[in-house]
Amino acid sequence: MSAETMLAFETDCHIFSGCGFDAPGLHNFVFKPLFTVGGFEFNKPMLLALLSTGVVVWFFWAAFGRAKVVPGKLQMIGEAGYDFVRRGLVYDALGKKEGEKYVPFMVSLFFFVWIMNLWSIIPVASFPVTSIIAFPAGLALMVYVLWVFLTFKKHGFVGAWKNITGYDKSLGWVLPLLMVIEFFSNLIIRPFTHAVRLFANMFAGHLLILMFTVASWYLLNGIGFVYAGASFVMTIVMTAFELFIQAVQAYVFVLLACNYVQGALAEHH
Amino acid sequence: MNALANMAAEVPENPLIPPIPELVIGLIAFFIVFGILAKKLLPNINRVLDERRKQIEGRMEEAEALQAEAQQVLADYRAQLADARHEAARLRQEAQEQGATLIAEMRAEGQRQREEIIAAGHAQIEADRNQAAQSLRQDVGKLATDLAGKLVGESLEDHARQSRTIDRFLDELEDKAASDATKAEAGR
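So the protein lines, in turn, are chains G and Y. All the letters of the first sequence, read from the start, carry residue numbers 1 to 269 under the numbering used here. All the letters of the second sequence, read from the start, carry residue numbers 1 to 188 under the numbering used here.
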């Protein structure tokens with residue numbers, strides 16, 4: 001949390017005391033650098049991103065590092081997660097034969113995104129890394145590059161453009177219009193929405209939790225404690241809801257990635 | 001409000017414009033995960049999963065083999081049982097036949113012995129009767145001659161004639177008895 005929100009808890013600023021409500025906003029997504037190395041400012045989201053790497057690697061190392069045919073508890077959980085992405089997402093979209101190659105990428109993507117989202121409801125961290133657009137944008141960019149690469153590799157130069165623009169002779173006079181729309185949709189809008197979908201969900205979720213948390217504190221004065229209570233209940237509810245949304249968004253992000261790869265490999269768009 | 005001033009200073013950015021340092025860190029963080037998972041951990045688990053699959057398949061094959069063997073044994077056992085039943089039935093049949101033959105033989109033997117005994121009895125009776133008849137004839141002849149001699153007062157001189165007469169008389173008697181017996185048998 002930014003220094004400003006910490007202040008909101010530390011001050012005695014409450015309703016009915018002539019103190020205005022310091023509503024959470026964009027400033028909660030800007031962090032002062034934790035330290036600076038040669039002009040490079042290292043801040044909290046970066047730390048959490050690297051911690052996500054640590055958590056994912058640590059977990060899978062513990063689960064699969066010395067994998068056994070008869071699995072231990074942790075390996076069993078790891079296998080369940082691995083199988084969930086492998087079967088539920090990759091095989092489903094790409095088929096077993098085509099999809100096998102992309103399983104490690106998608107598994108890494110899912111768990112990395114999920115853990116980055118999960119920081120939102122972990123005390124002390126309490127910030128979803130993916131609500132900084134740079135993180136989902138980087139991942140979406142990667143998927144985008146993969147998609148473009150696969151499209152050109154699979155269909156050749158002309159075929160790739162046909163694939164991207166949804167070329168289909170039978171459409172007649174609508175074809176030019178459709179090609180323009182498809183061109184913009186696939187090549188420009190899609191990577192943007194891919195990143196923003198994840199970003200905006202996490203951004204809004206974090207803002208909601210912040211809002212109810214800060215309000216619970218702010219309303220705690222006189223009769224206001226009733227509203228503070230309601231607000232606090234909402235904080236709990238939203239936290240639980242976020243737990244769900246984090247998993248769903250990670251799932252959707254990887255599902256879309258799988259669909260894009262599938263689109264690149266498909267014979268006809 | 002120090003906080004407000006501070007805030008205003010830090011909000012100029014558009015949240016949709018990605019800051020480059022975060023972008024780089026994010027990608028590095030992801031590629032560490034991807035590298036370790038793709039190079040080491042997921043091949044690890046895939047190998048184990050394959051091995052497990054093979055073991056399960058192996059066990060299933062083993063189980064199938066065992067089942068086939070069990071079925072073979074069962075079939076053999078059933079065949080043996082059927083054979084044994086047939087054998088038993090055959091033996092029983094044989095025993096019955098032998099018993100029947102034995103009984104028939106014994107019955108035939110009994111019959112034969114009975115007939116022999118009866119025949120022997122009959123022969124004995126016949127012999128006794130003949131003997132009795134013989135002695136009777138002599139005695140009767142003698143008695144009749146004596147009686148007649150006494151009645152006439154002298155002995156009849158011609159013994160041969162005398163014996164012929166007696167024989168004739170006795171033959172007549174016998175004939176009469178025989179015809180009586182025939183009549184009696186016919187009437188029965």
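By construction, these hints were calculated from the structure, which means they are not laboratory data. Watch out, some of these pointers could steer you wrong.
What the hints assert, rightly or not - Derived lysine-lysine pairs resembling BS3-like cross-links, with alpha carbons at most 27 Å apart:
1) G:162 / G:97
2) Y:176 / Y:142
3) Y:54 / Y:40
4) G:97 / Y:39
5) G:101 / G:32
6) Y:39 / G:68
7) G:96 / Y:39
8) G:68 / G:44
9) Y:39 / G:154
10) G:153 / Y:39
11) G:101 / Y:54
12) Y:150 / G:73
13) Y:40 / G:68
14) G:96 / Y:142
15) Y:54 / G:68
16) G:73 / Y:54
17) Y:142 / G:73
18) G:97 / Y:40
19) Y:176 / G:96
20) G:101 / Y:176
21) G:68 / G:32
22) G:97 / Y:176
23) G:101 / Y:39
24) G:169 / G:154
25) G:101 / G:154
26) G:44 / G:32
Unchecked claim - Here are the computed distance ranges between Cβ atoms for each label pair:
27) G:54 / Y:70: 29 to 39 Å
28) Y:60 / G:157: 47 to 57 Å
29) G:189 / Y:52: 36 to 46 Å
No experiment lies behind these values; they were computed from the predicted model shown. All C-beta atoms, glycine included, are put in the ideal place defined by N, C-alpha and C.
Sort out whether residue 39 of chain Y lies within 27 Å of residue 153 of chain G, counting only the CA atoms.
It holds: about 24 Å lies between the C-alpha atoms, which stays within 27 Å.
Restraint check for residue 54 of chain Y with residue 68 of chain G, where alpha carbons must lie at most 27 Å apart
holds (14 Å)
Take the C-alpha atoms of residue 101 of chain G and residue 176 of chain Y, compute the straight-line distance between them, and say whether it is at most 27 Å.
Answer violated: residue 101 of chain G to residue 176 of chain Y is near 136 Å, above 27 Å.
Given hint residue 73 of chain G paired with residue 150 of chain Y - CA-CA distance at most 27 Å:
violated (150 Å)
Proposed proximity, residue 54 of chain Y with residue 101 of chain G (alpha carbon, max 27 Å):
holds (22 Å)
Is the straight-line distance between the alpha-carbon of residue 73 of chain G and that of residue 54 of chain Y 27 Å or less?
Distance of about 22 Å is within 27 Å: holds.
Between residue 39 of chain Y and residue 68 of chain G, is the straight-line Cα distance small enough, at 27 Å or below?
Roughly 18 Å separates the two Cα atoms, so the pair holds.
Residue 176 of chain Y and residue 96 of chain G were given as a pair; does the straight-line alpha-carbon distance stay at or below 27 Å?
violated (129 Å)
Under the criterion that the straight-line Cα-Cα distance not exceed 27 Å, is the pair residue 97 of chain G, residue 176 of chain Y satisfied?
Status violated; Cα separation ~130 Å.
Run the distance test for residue 97 of chain G versus residue 39 of chain Y: straight-line Cα separation, threshold 27 Å.
Status holds; Cα separation ~20 Å.
Take a quick look at whether residue 169 of chain G and residue 154 of chain G sit within 27 Å of each other, Cα to Cα.
holds (21 Å)
Starting from residue 96 of chain G, check that the Cα of residue 39 of chain Y is at most 27 Å away, please.
holds (20 Å)
Hint compliance for this structure: hints 5, 8, 12, 14, 17, 19, 20, 21, 22, 27 are not met, and every other hint is.
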